[in-house]
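Peer 1: Each chain, written out:
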Amino acid sequence: MTVSTVLTWLVVIGGLLILMKPLGIYMYKVFTFQPTILDRPMKPIEGLIFRLLHVSETSQMNAVEYGVAFVITNMLWAVMAYTLLRMQGALPFNPNHFGNINPQLAFNTSASFVTNTNWQAYSGENTMSYFSAFAVLQFLQFVTPASGAATGVAFVRAVSGRGLGNFFVDLTLVLTRVLLPLAVIFGLIFVALGVPETLGPYLHLHTLNNQSQVVPRGPIASWESIEHLGQNGGGFTNANSANPLENPSALSNIFQAIAMGLVPVAFFYLFGMFTGKKRLAWTLIAVAGTLYLAMLAMIYFPEMAGNPIINALGLHGHANMVGKELRFGMGGTSIFETSTMAFTTGSVASAHDSFLPIPSLAFFLGMFLNMVFGGKGVGLLNMLMFVIITVFLMGLMVGRTPEFLGKKIEAREVSLASIAFLLHPLLILAGAAIATATPAGLAGVFNPGPQGLSEILYGFTSAAANNGSAMGGLGASLPFYEVALGIVVIIGRYASIMAMLLVGQSLLRKKAVPETSGTMRTDTPLFWGILLGSIVILNALTFFPVMALGPIAEHYLLMAHHVFS
Amino acid sequence: MVLTLKRAVLSTISLWIILAWGYTFLMVGLGQLFFPYQANGSPVSVRGHVVGLQHVGQYFGNNLQYFWGRPSDTVSVATGKPQPYNAFASSPSNYGPTNAKLIQDIQARIHMYRQTTPGLHVSRIPISLVESSGSGLDPNIAVQSALIQIPRIAKHTGLSEKTLKHLVATQILPPDLGVFGPRRINVLLLNKALYQMLHH
Chain A
546 MTVSTVLTWL VVIGGLLILM KPLGIYMYKV FTFQPTILDR PMKPIEGLIF RLLHVSETSQ
606 MNAVEYGVAF VITNMLWAVM AYTLLRMQGA LPFNPNHFGN INPQLAFNTS ASFVTNTNWQ
666 AYSGENTMSY FSAFAVLQFL QFVTPASGAA TGVAFVRAVS GRGLGNFFVD LTLVLTRVLL
726 PLAVIFGLIF VALGVPETLG PYLHLHTLNN QSQVVPRGPI ASWESIEHLG QNGGGFTNAN
786 SANPLENPSA LSNIFQAIAM GLVPVAFFYL FGMFTGKKRL AWTLIAVAGT LYLAMLAMIY
846 FPEMAGNPII NALGLHGHAN MVGKELRFGM GGTSIFETST MAFTTGSVAS AHDSFLPIPS
906 LAFFLGMFLN MVFGGKGVGL LNMLMFVIIT VFLMGLMVGR TPEFLGKKIE AREVSLASIA
966 FLLHPLLILA GAAIATATPA GLAGVFNPGP QGLSEILYGF TSAAANNGSA MGGLGASLPF
1026 YEVALGIVVI IGRYASIMAM LLVGQSLLRK KAVPETSGTM RTDTPLFWGI LLGSIVILNA
1086 LTFFPVMALG PIAEHYLLMA HHVFS
Chain B
444 MVLTLKRAVL STISLWIILA WGYTFLMVGL GQLFFPYQAN GSPVSVRGHV VGLQHVGQYF
504 GNNLQYFWGR PSDTVSVATG KPQPYNAFAS SPSNYGPTNA KLIQDIQARI HMYRQTTPGL
564 HVSRIPISLV ESSGSGLDPN IAVQSALIQI PRIAKHTGLS EKTLKHLVAT QILPPDLGVF
624 GPRRINVLLL NKALYQMLHH
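Protein chains in written order, with my numbering: chain A, 546 to 1110; chain B, 444 to 643.
The hints are simulated quantities; they were obtained by calculation from the structure and are not laboratory data.
Ideal placement from N, C-alpha and C gives every residue a C-beta, glycine not left out.
Any given hint could turn out to be false.
Stated by the list, open to error - If you anchor each label on the Cβ, the simulated ranges turn out as follows:
hint, chain 1, residue 1, chain 2, residue 2, range
1, B, SER519, A, PRO1024, 54 to 60 Å
2, A, ALA978, B, SER519, 35 to 41 Å
3, A, ALA635, B, ALA597, 25 to 31 Å
4, B, MET640, A, HIS749, 26 to 32 Å
Unchecked claim - Residues of chain A clear of chain B, computed beta-carbon distances all greater than 12 Å:
hint, residue
5, LEU725
6, LEU733
7, SER797
8, ILE855
9, HIS861
10, ALA864
11, PRO970
12, ALA1015
13, PRO1024
14, ILE1032
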C-alpha cells in the first residue's frame, strides 16, 4: 500500500468518524426542536411553510398516517417529474435544444429518482436540459432522500418511546437544517476544485489537433453536492463521477466520498442520542464499520494485483486500470467505490463492469446487506431489522423471550422484520430469474460468460437496494429493463419502509419491561459478533448459490486464464 | 387523505421554489463570483482561442507529432461508431475481465505503440496507457507514458529527445496537496507546451 492510499483512506474514514458526533448531536437537537445555530436564517422560512400547511412541531401522526403521507408525497413527485420530463422540449433553460424524453425512459427515471435509486438508463449530457437537471432531477435528489430520512427519524422517535412526529415537519427540517446547508458548503468546494457551475451552453471547440469537440457544462457542482450528500448517485453525465467534469481531481474524489457518508453515519449516532443507548449505537457502528473495511479490502487488493490474463502480456505495472481514471489513484478509486456501495449512493468513479470478480462480490455484498450504514435513515432501519431478527434468534437459542430497547419482541415484530428481510431476495432473485428466462431480458447482456449473469443480477440488486449503480454493459435503456427495474425500485423502497414503520409503532405501544441480570445485552462485543455472524449467515444462505454462478465462477475461470468471446 | 394530498402539494411547491430555483441560482451566482475560471469549465487558451478544457481529455491519437492520451472507447451518439474522447457521450468500454475483446484491444494497442516507436519493449509500456479509462475522457497519463513516446515525437517534429525530455519534466503534476493521487501528466497541457515550442 502506498502512502497516498493510506492517507486517502485516513482522511475519508477519519473525517467521517470526527464529524459523526457533532453532526449527530446537531441533528438530535433539530429533531427534538431545540435551538440550533441555523434558527436565525431558517426559522422564518420554515414558519412560512408550516403556516401554509397548517402543521406545527407538536403535530403527530401514527405509523399509517406517516407512511401514507410519505407515499402520497413521493407519488406526487413521480407524477411531477414524469410530466416535466415528457414536455422537456417546450420548457426553458434548454440551451442545447434537447427534445422530450420518451415515455419508458421518463417512467424509469422518475421512478428511480423518486425512490432515491437514481438508476441511469439516461445519458445526462446528451438527453437532459438544464431545466430537467436542476428543476426536476436535482430537486428530487434533495427531497426523496429527505423523505427517507424523515421515516428514519420517525422510527427512531418511536423506538425511543416518543410519538412518531409529523412527516411534513420532519421533511422540511431535514432539508432546511441538514441537506441544504451542507449542499451549499460542498457545492462551493466542488466549484473551487474545478467542477463547472454555469447556465451557459455547451462549448464547441476547435482543438490543437484540428478536430472539433463538444464539451458539456452546466450547473454541475450544485448537482454533485446533493447527488452525494443525499446518497442519490444519478450522474449529470453518463460516466457519472468517473467523468472529469463531475470529479476532476483526487481531492474532489475524497470530498465526494466523505459527502456520501456524513449523514448516514451520523444517523447511527442520532439513534444513540434518541434512545439514550450510546453503547448500543457504537456496537451497531462497529458492525457496519467492520463490513465497510472488509469491502474496502476486497476491492483494493485484487485490483492492485490486477488481471492475470493481461499481466501475462508483460506490461509495465500490474494494477487493473480498465475503466478507471488515473487521477484518483487506486486508493481513491477503491474508497469511492466502497462508499458508494456501502452508503447505497450508486455514483461510480470507475466502470463496475470492468472490475475483477472479488471486488464485484464486494459490490454485491454492499447491496445485499443494504445496512453498511446504508442510505440516511433507511440504512439504520435495515440494520435494526437485522437486530430484531438476531435478538429473536438468540432468544430461541437460550429459550428466553427476546427483548430490544426494553420492549418484548414478539410474533408481530418478528413477522414484519422477516417480511422486510425476505422481500429483498425475492425481488432480486425472481427478477433476475425472469430476465434470464426471457429473450427480452437476455438481450440486455453485454459481456460473455458468468459476467453476463452478474450484469443482470447486479441490475436487479441495485434496483431492489435503491442503489442505482450498474454494471454498465447491461442494456439498461431496453424497454424490458426500464419497466422491470422501475417496478422493482418502487416495491423495494416502499414495502420495506412501511413494514419497519409498523414495527416502530408496535414497539411504541408496548409496556417497557425493566432490565434485569437475565436480560440479553445488545451493547457488548459479544453482540457485535453475533449480529455480524447472523447478518453474514442469513445473507450467505440467501445469495450464495447465485453468487457461485456469477462472480465466484468468473473468479476461478479468470485464474485459469479462460477467455470468453 | 385529501388534506394530506393538499399538504403534499403545498409543501412540494414551497420546497421546489427553495431547492430547485433558490439553491441553483445561489450556487451559480456564488460560483461565478468567487471561482469564475473553474465555474466556466477551466478553459485552456492558445493565442486567445479556447482550445480545450483543462480537465477534459482530447483525442491526439491520429497525429504522430503529439503525445497520445489513454485509449478511449466513447462512440458517436448519431452513428454509434467509435469517436474517441467524445465529451458529449462519456462512457467506458464496460468490458469484463474475461472478455476476449478486452484482451484483443490491449494487444492491438501494444502493437500500435511498438510499430510507431521502433525498439520499444513491452515491459516499458505502462498498463494504464493501453487500458481505456472510466469516462473515455481521462485527461492524464503516467509520467512513464509520456517518456516512452518521446522517440516517436522527436522523429516526427525534428525536436531533440533532450528538449522533449525537458519539456515533459516541466509538465509533471504533483499529487494533490503533495500526497493525494499519483504524479501525472496532463496531455492537453503538455501538447499545448509542445505546440507553442513548434509555433512560436
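Peer 1: Run every hint past the structure and note whether it holds.
Peer 2: Okay, the hints, checked on the actual structure:
Taking 54 to 60 Å as the suggested C-beta distance range, the pair B:SER519 and A:PRO1024 does not conform, at roughly 23 Å. The hint said 35 to 41 Å for the Cβ distance between A:ALA978 and B:SER519, and at roughly 36 Å that hint holds. Taking the beta carbon of each, A:ALA635 and B:ALA597 are about 56 Å apart, not inside 25 to 31 Å as hinted. In this structure the supplied range 26 to 32 Å holds for B:MET640 paired with A:HIS749, their Cβ-Cβ distance being about 27 Å.
With a minimum CB-CB distance of about 7 Å to chain B, A:LEU725 fails to clear the 12 Å threshold, and the non-interface call is violated. The beta carbon of A:LEU733 sits about 6 Å from the closest Cβ of chain B, which is not more than 12 Å, so the claim that it is off the interface is violated. A Cβ of chain B approaches the Cβ of A:SER797 within 12 Å, the least distance being about 9 Å, so the stated non-interface status is violated. At roughly 6 Å, the least C-beta separation between A:ILE855 and chain B is not larger than 12 Å, which violates its mark as non-interface.
Once the 12 Å rule is applied to beta carbons, A:HIS861 is inconsistent with being away from chain B; the minimum gap is 5 Å. A beta-carbon of chain B is positioned within 12 Å of the beta-carbon of A:ALA864; the least distance is around 7 Å. In this structure A:PRO970 is separated from chain B by more than 12 Å, as the shortest Cβ-Cβ distance comes to about 24 Å. A beta-carbon of chain B is positioned within 12 Å of the beta-carbon of A:ALA1015; the least distance is around 9 Å.
No Cβ of chain B comes within 12 Å of the Cβ of A:PRO1024; the nearest lies about 18 Å off, and the non-interface call holds. At roughly 23 Å, the least C-beta separation between A:ILE1032 and chain B is larger than 12 Å, which holds for a residue marked as non-interface.
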